[in-house]
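S.K.: The primary structure of each chain is shown beneath.
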Amino acid sequence: MSDSGDYPSEMSFKRNTDADIERLFDGRLDESSDFASVSDVFETLRAEATIAPDENVLAGFVRSASMTSSAAARERAIAAPVAVSTAARRGFGSGLALSAFRRRMATAVAAAALFVGSMSGMAVAADSAKPGDALYGIDRALESVGIGNGRAAERVAEVQALVDAGDLPRGLLHAAEIVKPQGPDHSAASTALSEAAERMSTIGSEQSTDTHEQVAELLSYLASNARSVDGRQVAQFAREIGRPAEPPTASPAQPKPEPGPPGHGRAEPPGRPGFAPQPPVSPGNRP
Amino acid sequence: MTVANFDEVLAAAQEGAEWAWDILVRDVAPRLIGFFRTRGVADPEGLAGDVFVDLAKNITEFEGDESGFGSWVFVIAYRRMSDQWRRQRRRLDEIPSGLSAEPNQLVASAEDVAMESLGNVEAARMLETLTDDQRDVIALRIVAGLTLEETSRVVGKPISAVKALQRRGVAALRREIERQGVSQ
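One line per chain: the protein sequences are S and Y, in this order. Using the numbering used here, you'd call the opening residue of the first sequence number 1 and step up by one each time. Using the numbering used here, you'd call the opening residue of the second sequence number 1001 and step up by one each time.
Looking at chain Y on its own, in the form it has when it is part of the complex (with noise of 0.2 Å):
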């Protein structure tokens, strides 16, 4: 994060200044949309909204520095994307057995849909061989920008965890560059 004087703007945006909360919205929102996007989210800034929503009403009961600000507003979306994920698939769940399409299918439809929204395309069919959580943690760490350790509390594993996901998951992707290469 780049927010200057970060105090005083958390103090303002805390007793609901408009100033304080458009710099924190402008620093926060694109690596917020980002993620969401990344990780096949199919309305980001919808999504985003409901975690601005959620950081105001809950930023009184914040303390802490700029870095934990960051990791702070990722917990709250990672679990509202994880709630968003478990009520779609909810959803899903309940569809009378007489239609067609299968509840998985649709999600990843959904995610597909995305997904292609990405800039590059390529980049996002190389995410797509990825476990979720290699996906979170690659998510985290390269779009959200958060460190292994503010990683971790994020998506609530242990640093060693976080560690081996990192690996299968970069693992993975030049395993995938690789195939990609020779089929070529």
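So that you can see chain S by itself, here it is in the shape it has in the complex (with noise of 0.2 Å):
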């Protein structure tokens, strides 16, 4: 775009008129200067400014702009954004730099307010999700810092989960990290029990009523003891999950036995009479 009505002597001209420029456009131009017939044209160009709008008029402008703010600052609560001004970036404003401390500041303690809140929100969508989840990593990271409850009955309830969902193998690797880490003597139960959830796998959807059964009564006893299994007899009774109940080997000198119920011949669960933990000998019931 060209610039028309360039003076030809235009370095002098800028030398001198800088200053009674800014003059004639603060409107303080002294009447004897160059450009005092330019001043009523600005005056008149000025007098547009103080035109009062029509009041419907504003009133819309003022309604819209209302509503259209409100909007803007409840999605902001929903969403929590951590916003930083494009003006102050750009530098509008008088006492820039005390501007940009106050956003730092301001980014500062909305992202942690963003992480706090989004942590309290996630801790409860998260504490409720079993394994499998897209969550339950994350209830098990939140647990390991001490977010969520992570008890051993919220283990055990995982697993019920996952049986009540027929996911039995999962269902049985589960319950093998829950034994797990109880103590040397654990380990084998947890084997046990991985082993378990191998033959699930393989069987598919083929499990038995009688599994179901087994697993139901497994998980029953790990509701009970859940801080305090007997490794020895859960890795007895996981062997025997799924497997096919053998046959008492029939003795020439005995009468064959009659079939028994589904289950027969398997080893008794723990939590049964005989199989579950002896309770701690307190002082008044020493022998």
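No lab work stands behind these hints, which were simulated from the structure alone. Quick reminder that beta carbons are idealized off the backbone N, C-alpha and C, glycines included. Any given hint could turn out to be false.
[Unchecked claim] Partial list, derived from the structure: chain Y residues whose beta carbon lies under 10 Å from chain S:
hint	residue
1	1016
2	1017
3	1044
4	1124
5	1142
6	1147
The two chains are supplied separately, each in an independent frame; assemble them into the complex guided by the hints.
M.R.: See below:
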């Protein structure tokens, strides 16, 4: 675009007129100035800015602006954005150094609030997750830093949820994880449970009612004794899960046994009489 | 701008308080509409309404004082106006060649109508002798009431360039006044 209206001697004009032009724009030009004639045009233009718009037009502006900003504020409250001022980045306003400091502080505070808010919300959502759910990893990670209950009962409930969903293999694998950290004797139980899980995977959907009952009994035991599992007995029981019941060896001297109910001949589950862990010996019942 | 307790008003406007917007709108709207009118926008009130919606959407991002707010408003207004003209020219470029109107004539006639709505037709004609850039700078300085630095931010040009545009614009106006004086 060409700038029409240049004076031929623009350099000298420039040197002498910048201050005058600033006074002209500020509306305090001396009447004797070369630009006095222009000031009338400027006054006419300045009057344009003093014409009050129609009241209805103004009311419409106010209504639409307040509704739009209310909606934006609600969205902001929901999304908790870490907003960095575009305007401030571009340097609008005075006191830019202070503004930059405030902006950084606001960003840090907003980020911390976002973190805390999202962690608490996520902890609530993740706490009910079971293994395999998208939030389960988060549930465990949060528990590892003390967020969420993470009690043994919760772990057992997770196993139960998997079993209820028909996923016996993963339920058993999860049970193996629960048992494993309880002591050196429990690694055998954990291994046995993992192997049971593998057998379940092999059997697939053909898992029998009997197998489900075995797992249910195991769960019942784990629920009651989550913190003091008898590793040896759990291992023994787990080894029987999913195995076809071995028929008792028939002795020629003995009569042929009657066919038993499903599960006949398997190991007694832990928790049944004779398998339950002995109660700790208290001074009162010491022999 | 003349808003008392600007920080308080801004914070309330950011939350959508109608009373705060009433103060801001009443302060800004006359200058905004006057600027659009001076710059030949065909529907100054309509475009000002669009600007207020833009302001409301983005006001939570604004940080700064009253002066910064004023230049922020006109940055948005200036972009809106430029977008509108770009769209208008694009639409006119798409007019089939069989139609008689030339695109530039149509744009010019829309601006003519708007310019004639200025309170003083003579002043409007004076401005027509300026280039678009010179008119932008003069309208922002005189009608919007922005400082040299604020105007530089709004038009996205260095201060030295804005000074040069002012100088040339004023020179052109003075020459036009002298020419009219001679011819009368």
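S.K.: Now look at each hint and say whether the structure bears it out.
M.R.: Here's how the hints hold up against the structure:
no.: 1; hint: 1016; result: 3 Å, holds
no.: 2; hint: 1017; result: 7 Å, holds
no.: 3; hint: 1044; result: 9 Å, holds
no.: 4; hint: 1124; result: 9 Å, holds
no.: 5; hint: 1142; result: 5 Å, holds
no.: 6; hint: 1147; result: 9 Å, holds
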